[in-house]
Every structure is written in structure tokens, then in C-alpha cells.
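Construct all of the structure, not just a fragment, from the sequences and the given hints.
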Amino acid sequence: MADYDEDANRLTIKLVYYGPAMSGKTTNLMQLHDQLRPDMKGELMTLETQGDRTLFFDLLPLGFRAPSGLLVKFKLFTVPGQVAHDGTRKAVLSRADGVVFVADSQRNQVLNNAESFENLAENAARVGLDFDAMPLVVQFNKRDLPDILSEEEISERWQDAQWPLVFASALSGEGVGETFRQLLEPVYQHMNRKYQMDKNHGLDAAGFIRGMGVQDF
Amino acid sequence: MDTLPPGDAFDRELSLRELLGVFASDRLGRHLVALLGDYRLCDEKNEVVLESGNAAVDAPTIGIMLDIEPIGRLQSPANIKTLKAAAGLVEILLQSQMRYRMASRLHEEQVSHDYQRLQQEHAALLKSELKYRTLAAELEARVQAQVETLKTAERQLYQAEKLASVGQLAAGVAHEINNPIGFIRSNLISAIAYVKDISGLRPAIASGDEKKILTAWKTADMDFLLEDFQSLLQESIIGADRVARIVSDLKGFSSIEHGKEERIDLNESIRTVCNVAGSRIQQKAQLVLDLGELPALQCQPGHINDVLLAMLFNATQAVGEQGEIRISTAVEDGDICVRISDNGCGIAPENLSKIFDPFFTTREVGTGIGLGLTVSRDIVRAHGGHIEVESRVGAGTTFTVHLPLKGR
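Top line first, the protein sequences correspond to chains D and G. Taking this note's numbering, the leading residue of the first sequence gets 1286, the next gets one more, and so forth. Taking this note's numbering, the leading residue of the second sequence gets 173, the next gets one more, and so forth.
In short, the hints are calculated from the structure, not lab data. Since we're looking at a predicted model, the values are computed, not measured. Cβ atoms here follow ideal geometry from the backbone N, Cα and C, with glycine treated the same way. Please note: incorrect hints may appear among the correct ones.
To spell it out: a stretch of chain D is covered by chain G in this simulated footprint if at least three of its residues, at any positions, have a beta carbon under 8 Å from a beta carbon of chain G; those stretches are [said to hold, decoys possible]: (1) 1288-1302; (2) 1347-1361.
The calculated label-pair distances, taken between Cβ atoms and stated as ranges, are [to be verified]: (3) Ala1406(D) <-> Ser268(G): 34 to 40 Å; (4) Ile252(G) <-> Asp1432(D): 57 to 63 Å; (5) Leu307(G) <-> Asp1432(D): 47 to 53 Å; (6) Pro1352(D) <-> Gln291(G): 46 to 52 Å; (7) Gln291(G) <-> Asp1483(D): 43 to 49 Å; (8) Val205(G) <-> Ala1399(D): 57 to 63 Å; (9) Glu1403(D) <-> Leu307(G): 28 to 34 Å.
Calculated cross-link-like contacts (lysine-lysine; reagent style DSS-like; alpha-carbon spacing at most 30 Å) [what the hints assert, rightly or not]: (10) Lys323(G) <-> Lys432(G); (11) Lys1484(D) <-> Lys256(G); (12) Lys217(G) <-> Lys1479(D).
So this is what it looks like as C-alpha cells:
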């Protein structure tokens, strides 16, 4: 749940990149760090890794000021993808305001994707998030690799799902900003309902997305 | 929900004071004095977190950033370049502190998560253990119930076998009783005719004419009639006695008295059994009794009778047309031995080891279910004894029942 600190005049929004191991969650954050042009951009903080694998989480802080002067601060987290780190995954997912599910498009990863998505649904329920109502975008990453599921196959499989589907190549940055933008829209709707962003802070959806510097792509 | 309250969450915003902590503050203060001389470090609410003795209020100030926003300010009259460098060092320290705090808090959450999960698993295990314990107990009860059912079934089968032998018995008994009943009835019909004849003398006797009476007496052949009448009645009494004896022998088999222990003369039991089964046996074989003198035996007479009857029936079924069945008794080594021998077909060697097995029978369906010897052996064992069998195919079989005189 977003943290609205009246004293500090700050709204902290937590977004989590979820998905199976090695699907490109950290790469998404690295790309966002390079691509986004918000007023305020912190360093990508990476906690302990083992090889290329995240053990705890990555954190990218971003922010901008609303016309009212409110600091809208984003904390973008990744979770460790390996099955063993479920406790960490659950803790990181707690209080999330939005989730990007980063799936691996390779054919041999279908099962891992499914298991991880199921794990997301389970953990969401366990930390008290309404899985059906929370902002969620599904990104199919690694479109640049051979032997991947075709866009048609993926679209067909996900056609009954309610979540937006984005195809990406995080390594080259393709689709990363689009994924983020797709997530910001429902996140804004939630924030606006809860904190009257439009009325009290002069911030509409377009301003919200522009504030994060996403308009460039 | 099973997470920590948000106040303790790993990703909550931390203040400058929290990040420095007491230990770091102390050491940081010493280094800042060495770098800057007088200084003052305030948090974002302008509250002093660390300062040297007498920092100037109007000295130059520089913001301390963490993430994307200022978390505090450093103020000192020192050279601005030195001040900036000092602020940069504090930022590095804070960032490192923040990483450490987040990681350790997250680790704590994870450990607590794992612990909760272990506890849940432990509880589930306890529950399943209890379930299996209950199941095991139930299983035992079920096995008991099954054993009980089997026992009941066995008893029922034993009863059925008994009923079958009783049926065979009844056929013999019916024949035995039918015979005397037949001639008693025929005698009684003759008696009615004789009474009529005697009544016919009444007018002659009433007339008082001696000659008339004599004629009538002769006509009616009264001398023969009276003699025959008497022998008719005599015969009928013998017949009725025979029926009475059969009935009394049968009583020995009534199951009502089976359970009681009594001291009995086993020879007497053998005679009773032979009487009861006699007609069936005598149709086929000659029965020879060779009974030695026996002391009284403490036993359950009803059960022992069952054993003798079963042996006798087996022998009867084994012998051919001109068979002989011999029953002898004697005392040997403190046991009463009852030998039932026949000169019948004998038992094939491959069957000899199986004859006491339940439901083993070589007979046709419907003539026996194969429990006779099983039950007999159980009864004899219950009396502390045992049964021996010798047999040769074509020559005959001898069953020897040993019943100890002393104890079981």
C-alpha cells in the first residue's frame, strides 16, 4: 500500500518486478534507470548477487514533484526469482502498489513462467493483496532470442486474461518503457481514488506518466 | 496475512538518526570534527542529530541526499570544498547503512516467514501424526471386529456342519422312530376291531343263556382274540419304550448342556452315540464295540459326543457294503484312548496332512463342509488331548483320540 507521509509531503509508491529466475527483472530496472527522465532519479541499488542472480532485491528510487508540491516517490523492486527464496519474494511483494510480471519467452521456460505466476498469485493472497484488482502488467521478455513462443501463441494463451500484455527485449531496452507506462496507468487510477491526486495535487494521468519521464518513448 | 506490521517493514523510509545509530554517530562525530572543526548535522526536520560543541548558526549549509531526496543538512564554517567532501562521505555512509538495514530487516522477515512456515508444517505434521495414530487405533479395532466376524462365521459354519450331521442323524432317527410308531398304530387299529368284537358279545351275555354265550364266544374266536390282544399291547409297549429310549439318547446331543463339565463314563457316551447313529451305521457296516473298563472322565460330554459322532460318521462313509467299524477303549499312560477303526477306503497319503484343515473335504458337495475333524481336534485339544490317525489306502483308517485323565 502506498505510504502517504503528510509531514514530509511525500507519497511513496512501491512497484515490484516479479517473475521466474533469469527472466530479466534486474535488466528491466537497469534499462529504466537509463531511459527514464524523471525529476529525481536515484542510483540502482543492488543487494548481494550470486553470479547473475539476485539474492535479496534490487531497488531503483525515482520521483517527481506534483504541481501541489507533493513528492511522488517510486520505489521499484525486483524479487529473487529462484524458487528457494520464497520468503524474500513474499516480503518484497508486501504492500506493493503494482506488479510487472516478467516472463521468459523461451519455449523451455513455459513451466517456470506458470509456476512463478502461480506463486505470485499465492503470495499476493498471503500478503493481503487483492490479486484480481491490483495493477498488473505481464511482460514477455527475451523476444530477441531464438526458439521463443510466437506473439500469436502467447496472445492466444493469454487472451482470456485481464492484464495488459507487452513484448520486450530488456537487454536492448525494447518494450521496457512501454511496460512501465502500461503499469503507471492503473497505478494512477488507484492513487487518484485514494488520495484525490487530480483534485488535491493537480496531477492527472498524463501528468503522472509525464512526471516519470516516460513520454519520450 | 502473515507479514510483519508496516512499521517494521524492510522498505520503510528511515530517518537520519535511525540510519546512523548510536555506534556510527559516535565515530562519525569524531571524524567530522577532524575534517571540519565545528559542524552541525541536522535531519530533514532541522533537528540536530550530531554537532561539535559550538557550531555557528549562520555557517554555510549543504544538503545530505539519500535516494532522491534530502535526508538532512550539514553545516560548518569550514572550507566549502571540504564541507562538500564531508557531506559526500556522510551520504556514502548513509547509503551503506541503508543497504545493510534493508537487507538485515528483509532477512529477518524471511527468517520469520520460514519460522512461521516451519511451525505451520510442524502443526500439520502433528495433526497428521494424530490422524495416523487414530487410524492405527481404529485399524486395530477394525481388525478386532474382523476377527470377531470371522469367529462368528466359523461358529456359524460349525453350527451348519453340526446341523448337517444332525440332519443325517435325524434321517436315521426318523427311520428308527417310524418303525415302532408304524406297528404301534397298526396294533391299535387291531385293538379297536377287537374291542368291537368283544362288544358284540354283550347281547348274548345279557340274555344269561349259557349256550348262547358259548356259541357267541366261539364264533368270535375269543380265546385267540384275548391272547393276541395282550401280545399286541405288549408289543406296543416295547415299541413306545424304544421311541422313549431314542428320544432320551437324542437329549445327550442337545446343545443346551454342551457347556457343562461333568464326570462321565466315556463307554456310556459311546453306547449312546452308537444308539443314536446306529441305524445309519448298521445299514452299511457292522459295529463292534470292544470297551475296556474306564475311570470316570471330567469333560464336557456334549462336545465329546460331537467328536465321537463325527468320527463314527467318517468311518461309516469310509466303509463299503460289507464294512466293519470297531470302537475300542482303554487306559494307556494316564490317557483314555478311544480307537475308531474301519476297514474302508483309507485316506490318500497326500491328503493325510490336510484332513484337520478347515473346509478340507473329499466328499461331494452337500454331504459335509469339511469342519468335522477340525472341530473335533479343537475340542480334544481343549480337553488337553490329541488325535492320532493311521491310514492305508484300501485297508482302512484308525483314529485314536487321547484324552488325559489328569488336568489339561
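Evaluation of the provided hints:
no.: 1; hint: 1288-1302; result: holds (count 7)
no.: 2; hint: 1347-1361; result: holds (count 5)
no.: 3; hint: Ala1406(D) <-> Ser268(G): 34 to 40 Å; result: holds (36 Å)
no.: 4; hint: Ile252(G) <-> Asp1432(D): 57 to 63 Å; result: holds (59 Å)
no.: 5; hint: Leu307(G) <-> Asp1432(D): 47 to 53 Å; result: holds (50 Å)
no.: 6; hint: Pro1352(D) <-> Gln291(G): 46 to 52 Å; result: holds (50 Å)
no.: 7; hint: Gln291(G) <-> Asp1483(D): 43 to 49 Å; result: holds (46 Å)
no.: 8; hint: Val205(G) <-> Ala1399(D): 57 to 63 Å; result: holds (60 Å)
no.: 9; hint: Glu1403(D) <-> Leu307(G): 28 to 34 Å; result: holds (32 Å)
no.: 10; hint: Lys323(G) <-> Lys432(G); result: holds (21 Å)
no.: 11; hint: Lys1484(D) <-> Lys256(G); result: violated (40 Å)
no.: 12; hint: Lys217(G) <-> Lys1479(D); result: holds (27 Å)
This entry does not satisfy hint 11, going by the numbered hints stated previously; all others are met.
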